[in-house]
Amino acid sequence: MTIIHVENIRKSFGKNKAVDDVSFDVEKGRIFGLLGPNGAGKTTTIRMINNILGPDEGSITINGQIASPLTQKMIGYMPEERGLYKKMKVGEQLLYLTQLKGMKTKAAKEAIHYWLDRFDASDWTKKEVGELSKGMSQKIQFIATIAHDPDIYIFDEPFSGLDPINSDMLKDIIIELKNNGKTILFSTHRMEQVEQMCDDICLFNKGKAVLQGKLREVKASFGKNTINLEFDGDGSFLDKLEGVRLNNRSTNFAEIRVLNGQNMQDILKLAMEHAEIHKFERIEPSLNEIFISTVGEDNLKAQRLEEAQ
Amino acid sequence: MDFSKILLVLKREYLTRAKSKSFILSTILTPLVLIGFGAFMVWIMTSETETDKSVGVYDQTGVLVENLIALDSVRYSNVSDLPIDTVKAMVLREDLDAYLLLEEKHIETNENAELIYGGSGGLAFSSSVRGDIRDVIQEERLSRANVSDEVKELFARRPGLDSRKLTEEGEAEDDKAGFMSGVGFVLGLLIFIGLFGYGAVLMRSVIEEKTNRIVEVITSSLKPIELLIGKVAGVCLLGFTQFTVWAVMYIGISIAAVPVAGVLMQDQISEMADTQDIEQVAAEAGFDPASLEVLSIDPMIFVYFFLFFVLGFFMYASIFAAVGSAVDSEQDTQQFMPILMVPLMGAYILNTRIMVDPDSTLAVVASLFPLTSPINMITRIATTDVPLWQIGASLALLIASFFGVMWVSAKIYRVGILMYGKKASFGDFAKWIKQS
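Chains X and Y supply the protein sequences, listed in that same order. Every letter in the first sequence is one number past the one before it in this note's numbering, and letter 133, counting from 1, is 133. The number in this note's numbering is simply the position in the second sequence, starting from 1, with 309 added.
Don't read these hints as lab results, they were simulated from the structure. A portion of the hints provided could be inaccurate.
[Unchecked claim] Derived DEER-like restraints, expressed as beta-carbon distance ranges:
| hint | chain 1 | residue 1 | chain 2 | residue 2 | range |
| --- | --- | --- | --- | --- | --- |
| 1 | Y | Ile658 | X | Arg190 | 56 to 64 angstroms |
| 2 | X | Asp117 | Y | Gln644 | 46 to 54 angstroms |
| 3 | Y | Ile742 | X | Glu217 | 53 to 61 angstroms |
| 4 | X | Phe13 | Y | Gln644 | 20 to 28 angstroms |
| 5 | Y | Phe735 | X | Asp149 | 58 to 66 angstroms |
| 6 | Y | Gln644 | X | Arg190 | 55 to 63 angstroms |
| 7 | X | Asp149 | Y | Ser563 | 51 to 59 angstroms |
| 8 | X | Glu281 | Y | Ala739 | 40 to 48 angstroms |
| 9 | Y | Lys732 | X | Gly296 | 47 to 55 angstroms |
| 10 | X | Ser68 | Y | Val717 | 21 to 29 angstroms |
| 11 | Y | Ile708 | X | Asp149 | 51 to 59 angstroms |
No residue lacks a Cβ here, since even glycine has one placed at the ideal position from N, Cα and C.
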């Protein structure tokens, strides 16, 4: 069942087309990943789903309803730019944010109490957020996002800035929410997180959705044209290879994407001449590789350069 | 528009601020500082600033010097017998502060006498000498003209002016124009301070939500306009709390002060009563027992104060909020401040004129123009009888422009709050207004 339906949305800021004719569906009870480099239009899309911005064209429906203040209540949103009132007490603050989502005072208090308990944070209610450590306030931020028990959870770059403990905790929460039948949409530019967690993906580049579908199907459609190579010895032979792309290269490991249908046995032979081979495996390409081949390497380099500037 | 959400925002905005130490302190301390400042001003105005200066009188007429010495024997001394160079030397040595050159022609013609001073003069000093000279020369002229004592008496009298105001009932009541124009100015000043002070509080609050990065969390729960209205109303209510506390303090102090002042005055009056007529003494002391009644203010003025403050605040506060939304820190607000400073400071400066001349065309225009009317109209209302149509027109214009300004500000606000790390300009404002 489709719970978020995005249809032909466009959004421009001045001359900049931030989102350019994007459509996708998010199925209920699944984890949906929005991927793409910075500035690809992920955050703008997410803001439109949250009814913070309105699309110039196209439509967004949540649970069959056009995005509106009503649908905002169905969503728990943790933006990339996130924070809390520093001078407000944890308890009051959570109550305020949960009430804003339309929850009644009593139910809100119970929910907050439950989550504070779960995170061993009950002692913090009377503390001001400014007094908390960064890790502690991140936990409060999670509670603020999920306490009103919505059906849909949207996290924009959730793992950026999280310490490893909270990062793991968030992963657990996301899995738990999914097991409870909730729907999760999150955006990231880090592909390995998507590989670990997502059921479905949508790839963004320059405001367009360039690739989408079930993660497994997307990967399978690229075929087993990638080699996982582990070796011991001089790795310089890798530079002699033609018609391949090297990802994830290190001193004794390389992920080799074979282009132009080149014979993999030739690569193995060459490798054996120069180094001791521990592992030679044909695999599906990594998401990172898929992304690069979809968007185009040159394209991506230019973009990274822009970002760096 | 969801009013339950606006109410939530209002409540948070109001409570977190009203409970803060800085608010409680400023509520209590501000009147104390003002009273202290007022007392200081009174002290400066009444304290004897004139120091005793010695003036040598070099009198060639031979008649004026005695009259001057009779007038003030401490200040004036006769140096007519000394050579003029010696007198000059004495001034240079600072044995004398100045010398006065008097000749026949000063009595006979309109030529001015001369005061020559050494180290320091001072306006107060020369004007007081001028007063003395006028008195003695006029007296001399009168006696030379051989006029009768009656005429001299006529010249000695200074005609005065008592003013009373005619009211609808036809009774002339005690005039309190002086007091009321003071009240008018203070009320205008309070609105000026309120618009500026609480406007800045709101602006800081908007910036705080941006720098704390909480604003996006909040806008995923409500519309920016609801957030804006809730915040403006919350800070407005905060202002009212403060004004109410101050009003209660003022009333409390005046209730306590009247009997005390009465007792003090009574003592003073009865002391002098032995020698002179009480009323005269009281009048000389600048105190009329009835004047305490005058201190009462028509309650309608407070109703108007309320109206003009609220409407003016909502209009200006939305501009403050728009400015706050466009920046990442308080320092960055500098470039936008003129749009707020110019009308507000202008209204304040106009107020000093309006308070003394409340019926002039300038005053009428300023009290109708919506950017200045919140400050200038209340001063006029307190100072003079403003025709109802003018008050009505002023309010109508203010309400209309409040909606207009709010509409534009809200557009800037809803884009601005989601912009990070970019310094906005007036050009960006125009873009944002078009965009949303």
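Each hint, compared with the structure:
As the Cβ distance of Y:Ile658 to X:Arg190 is approximately 59 angstroms, the hint placing it in 56 to 64 angstroms holds. In this structure the supplied range 46 to 54 angstroms holds for X:Asp117 paired with Y:Gln644, their Cβ-Cβ distance being about 49 angstroms. The given range of 53 to 61 angstroms is broken by Y:Ile742 and X:Glu217, whose C-beta atoms sit roughly 46 angstroms from each other. Checked against the given bound of 20 to 28 angstroms, the beta carbons of X:Phe13 and Y:Gln644, roughly 22 angstroms apart, stay inside it.
Range check, Y:Phe735 to X:Asp149: Cβ separation about 45 angstroms, and the 58 to 66 angstroms hint is violated. One distance hint, 55 to 63 angstroms for the beta-carbon pair Y:Gln644 and X:Arg190, is violated here, with the actual separation near 38 angstroms. For X:Asp149 and Y:Ser563, the hinted distance range of 51 to 59 angstroms is satisfied, since their beta carbons lie about 57 angstroms from each other. Look at X:Glu281 against Y:Ala739: about 59 angstroms separates their beta carbons, and that is not inside 40 to 48 angstroms.
Separation of Y:Lys732 from X:Gly296 is about 34 angstroms and departs from the stated range, judged on CB atoms against 47 to 55 angstroms. Judged by the Cβ atoms, the range 21 to 29 angstroms given for X:Ser68 and Y:Val717 holds: they are separated by roughly 24 angstroms. Remark: the range hint 51 to 59 angstroms for Y:Ile708 to X:Asp149 is contradicted by a beta-carbon distance near 43 angstroms.
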